[in-house]
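Residue numbers (this note's numbering), protein chains in the order written: chain A, 52 to 547; chain B, 52 to 547.
Simulated from the structure, these hints should not be mistaken for laboratory data.
Please note that the accuracy of each hint is not assured.
In this list, chains with the same sequence are indistinguishable; a pair is considered to hold if it fits within one copy or across any two.
To be verified - No more than 20 Å apart at the CA atoms, straight line, and that leaves these computed lysine to aspartate or glutamate pairs for DMTMM-like: (1) 317 / 202; (2) 317 / 204; (3) 296 / 373; (4) 317 / 179; (5) 430 / 179; (6) 499 / 177.
2 protein chains.
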Amino acid sequence: MTVQPSFAQLTAEAYPKVKRNSSFKVIDSADKDYFRSILSKDEIIESQSPEELASFNQDWMKKYRGQSNLVLFPNSTEKVSKIMKYCNDNKLAVVPQGGNTDLVGASVPVFDEIILSLKNMNKVRDFDPVSGTFKCDAGVVMRDAHQFLSDHDHIFPLDLPSRNNCHVGGVVSTNAGGLNLLRYGSLHGNVLGLEVVLPNGEIISSINALRKDNTGYDLKQLFIGAEGTIGVITGVSILAAAKPKALNAIFCGIDSFDTVQDLFVKAKGELSEILSAFEFMDRGSIECTVEYLKGMPFPLQNHHNFYVLIETSGSNKIHDDEKLHAFLSSALDSKLLSEGVMAKDKADYERLWTWRKSVPPACNSYGGMYKYDMSLQLKDLYSVSEAVTKRLNEAGLIGDAPKPIVKSVGYGHVGDGNIHLNIAVREFTKEIEGLLEPFVYEYIASKKGSISAEHGVGFHKKGHLHYSRSDIEIRFMKDVKNHYDPNGILNPYKYI
Amino acid sequence: MTVQPSFAQLTAEAYPKVKRNSSFKVIDSADKDYFRSILSKDEIIESQSPEELASFNQDWMKKYRGQSNLVLFPNSTEKVSKIMKYCNDNKLAVVPQGGNTDLVGASVPVFDEIILSLKNMNKVRDFDPVSGTFKCDAGVVMRDAHQFLSDHDHIFPLDLPSRNNCHVGGVVSTNAGGLNLLRYGSLHGNVLGLEVVLPNGEIISSINALRKDNTGYDLKQLFIGAEGTIGVITGVSILAAAKPKALNAIFCGIDSFDTVQDLFVKAKGELSEILSAFEFMDRGSIECTVEYLKGMPFPLQNHHNFYVLIETSGSNKIHDDEKLHAFLSSALDSKLLSEGVMAKDKADYERLWTWRKSVPPACNSYGGMYKYDMSLQLKDLYSVSEAVTKRLNEAGLIGDAPKPIVKSVGYGHVGDGNIHLNIAVREFTKEIEGLLEPFVYEYIASKKGSISAEHGVGFHKKGHLHYSRSDIEIRFMKDVKNHYDPNGILNPYKYI
Numbered sequence: 052m053t054v055q056p057s058f059a060q061l062t063a064e065a066y067p068k069v070k071r072n073s074s075f076k077v078i079d080s081a082d083k084d085y086f087r088s089i090l091s092k093d094e095i096i097e098s099q100s101p102e103e104l105a106s107f108n109q110d111w112m113k114k115y116r117g118q119s120n121l122v123l124f125p126n127s128t129e130k131v132s133k134i135m136k137y138c139n140d141n142k143l144a145v146v147p148q149g150g151n152t153d154l155v156g157a158s159v160p161v162f163d164e165i166i167l168s169l170k171n172m173n174k175v176r177d178f179d180p181v182s183g184t185f186k187c188d189a190g191v192v193m194r195d196a197h198q199f200l201s202d203h204d205h206i207f208p209l210d211l212p213s214r215n216n217c218h219v220g221g222v223v224s225t226n227a228g229g230l231n232l233l234r235y236g237s238l239h240g241n242v243l244g245l246e247v248v249l250p251n252g253e254i255i256s257s258i259n260a261l262r263k264d265n266t267g268y269d270l271k272q273l274f275i276g277a278e279g280t281i282g283v284i285t286g287v288s289i290l291a292a293a294k295p296k297a298l299n300a301i302f303c304g305i306d307s308f309d310t311v312q313d314l315f316v317k318a319k320g321e322l323s324e325i326l327s328a329f330e331f332m333d334r335g336s337i338e339c340t341v342e343y344l345k346g347m348p349f350p351l352q353n354h355h356n357f358y359v360l361i362e363t364s365g366s367n368k369i370h371d372d373e374k375l376h377a378f379l380s381s382a383l384d385s386k387l388l389s390e391g392v393m394a395k396d397k398a399d400y401e402r403l404w405t406w407r408k409s410v411p412p413a414c415n416s417y418g419g420m421y422k423y424d425m426s427l428q429l430k431d432l433y434s435v436s437e438a439v440t441k442r443l444n445e446a447g448l449i450g451d452a453p454k455p456i457v458k459s460v461g462y463g464h465v466g467d468g469n470i471h472l473n474i475a476v477r478e479f480t481k482e483i484e485g486l487l488e489p490f491v492y493e494y495i496a497s498k499k500g501s502i503s504a505e506h507g508v509g510f511h512k513k514g515h516l517h518y519s520r521s522d523i524e525i526r527f528m529k530d531v532k533n534h535y536d537p538n539g540i541l542n543p544y545k546y547i
Numbered sequence: 052m053t054v055q056p057s058f059a060q061l062t063a064e065a066y067p068k069v070k071r072n073s074s075f076k077v078i079d080s081a082d083k084d085y086f087r088s089i090l091s092k093d094e095i096i097e098s099q100s101p102e103e104l105a106s107f108n109q110d111w112m113k114k115y116r117g118q119s120n121l122v123l124f125p126n127s128t129e130k131v132s133k134i135m136k137y138c139n140d141n142k143l144a145v146v147p148q149g150g151n152t153d154l155v156g157a158s159v160p161v162f163d164e165i166i167l168s169l170k171n172m173n174k175v176r177d178f179d180p181v182s183g184t185f186k187c188d189a190g191v192v193m194r195d196a197h198q199f200l201s202d203h204d205h206i207f208p209l210d211l212p213s214r215n216n217c218h219v220g221g222v223v224s225t226n227a228g229g230l231n232l233l234r235y236g237s238l239h240g241n242v243l244g245l246e247v248v249l250p251n252g253e254i255i256s257s258i259n260a261l262r263k264d265n266t267g268y269d270l271k272q273l274f275i276g277a278e279g280t281i282g283v284i285t286g287v288s289i290l291a292a293a294k295p296k297a298l299n300a301i302f303c304g305i306d307s308f309d310t311v312q313d314l315f316v317k318a319k320g321e322l323s324e325i326l327s328a329f330e331f332m333d334r335g336s337i338e339c340t341v342e343y344l345k346g347m348p349f350p351l352q353n354h355h356n357f358y359v360l361i362e363t364s365g366s367n368k369i370h371d372d373e374k375l376h377a378f379l380s381s382a383l384d385s386k387l388l389s390e391g392v393m394a395k396d397k398a399d400y401e402r403l404w405t406w407r408k409s410v411p412p413a414c415n416s417y418g419g420m421y422k423y424d425m426s427l428q429l430k431d432l433y434s435v436s437e438a439v440t441k442r443l444n445e446a447g448l449i450g451d452a453p454k455p456i457v458k459s460v461g462y463g464h465v466g467d468g469n470i471h472l473n474i475a476v477r478e479f480t481k482e483i484e485g486l487l488e489p490f491v492y493e494y495i496a497s498k499k500g501s502i503s504a505e506h507g508v509g510f511h512k513k514g515h516l517h518y519s520r521s522d523i524e525i526r527f528m529k530d531v532k533n534h535y536d537p538n539g540i541l542n543p544y545k546y547i
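Based on the sequences and whatever the hints tell you, model everything.
This is the structure we're talking about:
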């Protein structure tokens, strides 16, 4: 069985227990006529061919595939509003879609939901270099937001490996975390305002809100991380930070995860305001990456149980390098590190990051991977990886071919208490799945962790929220969904 | 007429149009028996004497005074829960109270509401120095949280002039901003989890949540800034930052508000990661303060139209001072500043801050003050102060006695687009009030600003939200209130 064919199995076939909600109308020619009446030709694709709509129906992990025949690309908030009002009045189900880079099956249809793509809403609306307030349409690609702000000596306060595809609106809808949350904080703090079209077509906007605004409940917060289940984000106002003038990094090898934590405390104290990332990888992550980057010289002399990449960013290269050099020297002197190197120049800095950024594609390169994204108290962070690896090893599933698993590895953002668990496999099997779930979720629940640190809920984790949330929280969440979307037409079969 | 008698007029008398909600039960002896059955003697004060309960019935500005005869001080979440369930079942109105330092009449009763003080819930629950997660009861005084964290080489990510009295829970309930928001961001980003008792006594808790958690709608956000209208915050988990090892400040004189903005852009670019406060004061603010601090030597040679205090905090004193010195020199060279001084030592740093921190008591020292707290786009920030001063001047109300107004001044947090307007008066008069309101609110609405940047809504601004929020936002806010508190017993007559 090969993994990752060009088409994923239809979600409806892979999960036969999930049934289409019969209260949703099946789209007919009158509906299509209506959409044609409000949209121009380049704002609509209608097709019966799975190939033609594959990039909209299927997620990028190729794990989920829906069966929509209609994708709408409105280029204005008013058109989004008309579409939603019509769909709500006619009980047509809708899945909002940004760059379609999510990892939990949140942004593709399950059955025949209309796909509402934001990609034609791609304009920067405003930037105020004095306050740093950046306003844009939801469909602006993150890379373009970064470029625009860089040209104005600022940065978008978030970066992700999917930056070339993901949308600003999608990032906000999924409350993405990314590589620099440690420095710039979460979107709940950085998003200043949102323009949202509600399921009934009403537009609720706080896009002109200022940095401080204490006039009532902060309603916009509910849409951050709601994955398009209670409204369609059409515009975002976000606080951009001043662009750092200096960047540097060290890459080091460490014996134990306890020492990784000690090093983090030391970095917070000594690098403090210039510390912008503190990432760890275990031995297995780097073994996969060495194979994947074949030929690229490894920055360290020896191999270690753990590796850490520390990034600094600040306004003065000389000061920053002095701090980082002093930190590295004293960490080596005190034996916290077995080995460590500091980037000599920009190219070297990029090379060090390559060893971190290549872990996911490296793990995926053997055929496919099972992927979990969790947060735990730091003292417990690596334990979930150890527990999972032990379990899979005891079942005799890890090793050379024909064993199905190449490696079970852990890496992630120490600064945020966030571990990614990648099970690199030659093939997906029901046996592996059965060993992983619900074991992983139960383990996280026992440690009071989160079963989704940054990837969200989507289709994959619907029904699993009780591992991280209490009954009363889930009840109140359901109330939120019912209040905003009483017909349940927005992103159905997912989330809550 | 003297201002600030030891007792404020009863709110019920000062605002006769506000009527007691007749659906609320009047407390009787059976109710008191119940509270005595679940609370110990030091958790309850019952009194018919206005003097005895004055500090709970009256706000610290002495503008509002309620008529409660009962203050409860439960020392556990479970007791808060029992109290709320009983009050909800019996339709007894309740006002939650922290340090009672708010500025909008939010934390005192209007009529006979039971006062639910959190001051007996004053324990630190947990601190993890690795992640920086600090958990405490809501009633911990901010000063004590600062002290605890300072002893552990961290800082509470917020500071306020009322730090000796305000509670951590109160600060979260009112989404307070304060002096270092520019550096550490808002509570919506820093609060990791909350424990909240709902009006019906149910406990909803996310206090064990980790830094990253994307498992559903972020319900806790609604309680941040809700001013105790939909639940009583009993516990807070918040991200503490590493304690800066170095602090410094410059104080400077500037000709125009345009130049203040230019200087801010320069500071963001050059001081960047060590910039922790950028405060401005106008000429009038400092004139009042010079009188108030009589004898204290003024740090500058001359007087100016505007003054700016810039604070840096970082991990390396030599580096920080070098950056700050270079910034000051180049700002003087390029004539952005007319004059500027840098603190020579810790005592000097404290003295420079005294000129900023003394503005509010200075304005209040002539008898009293009208106080507004607004946010605006930076380009418009000072214009509201100019417009108000012009209006009051044209009415001939500003000048030496017997004119009622001493000065109308503006100062605040440039970094957050937040201006405080203080009208220092010899007496409060209906004529001044009539000139100020609704003029101030209408002016802010015309510039799309916020009529409450950080002080909140409370009793003072209930009914004024439409100046900053749309009809649909207000409708959704009312839905939130009705959903969580269908009997409306929690902090009635206020907010929405």
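Cross-check of the supplied hints:
For the identical chains of this complex, residue 317 and residue 202 are inter-copy neighbours only, at 17 Å across copies versus 34 Å inside a copy, given an alpha-carbon limit of 20 Å. For the identical chains of this complex, residue 317 and residue 204 are inter-copy neighbours only, at 12 Å across copies versus 31 Å inside a copy, given an alpha-carbon limit of 20 Å. For the homomeric pair residue 296 and residue 373, the shortest alpha-carbon distances inside one copy (15 Å) and between copies (16 Å) are both at most 20 Å. Within a single copy, residue 317 and residue 179 get their C-alpha atoms only as close as 37 Å, which misses the 20 Å cut-off; across copies the closest is 14 Å, which meets it.
In this homomeric assembly, residue 430 and residue 179 come within 20 Å of each other (Cα to Cα) only across copies, at 10 Å, whereas the closest approach inside a single copy is 42 Å. Taking the closest pair of Cα atoms, residue 499 and residue 177 come within 20 Å of each other only across two copies (15 Å); inside a single copy the shortest separation is 42 Å, beyond that limit.
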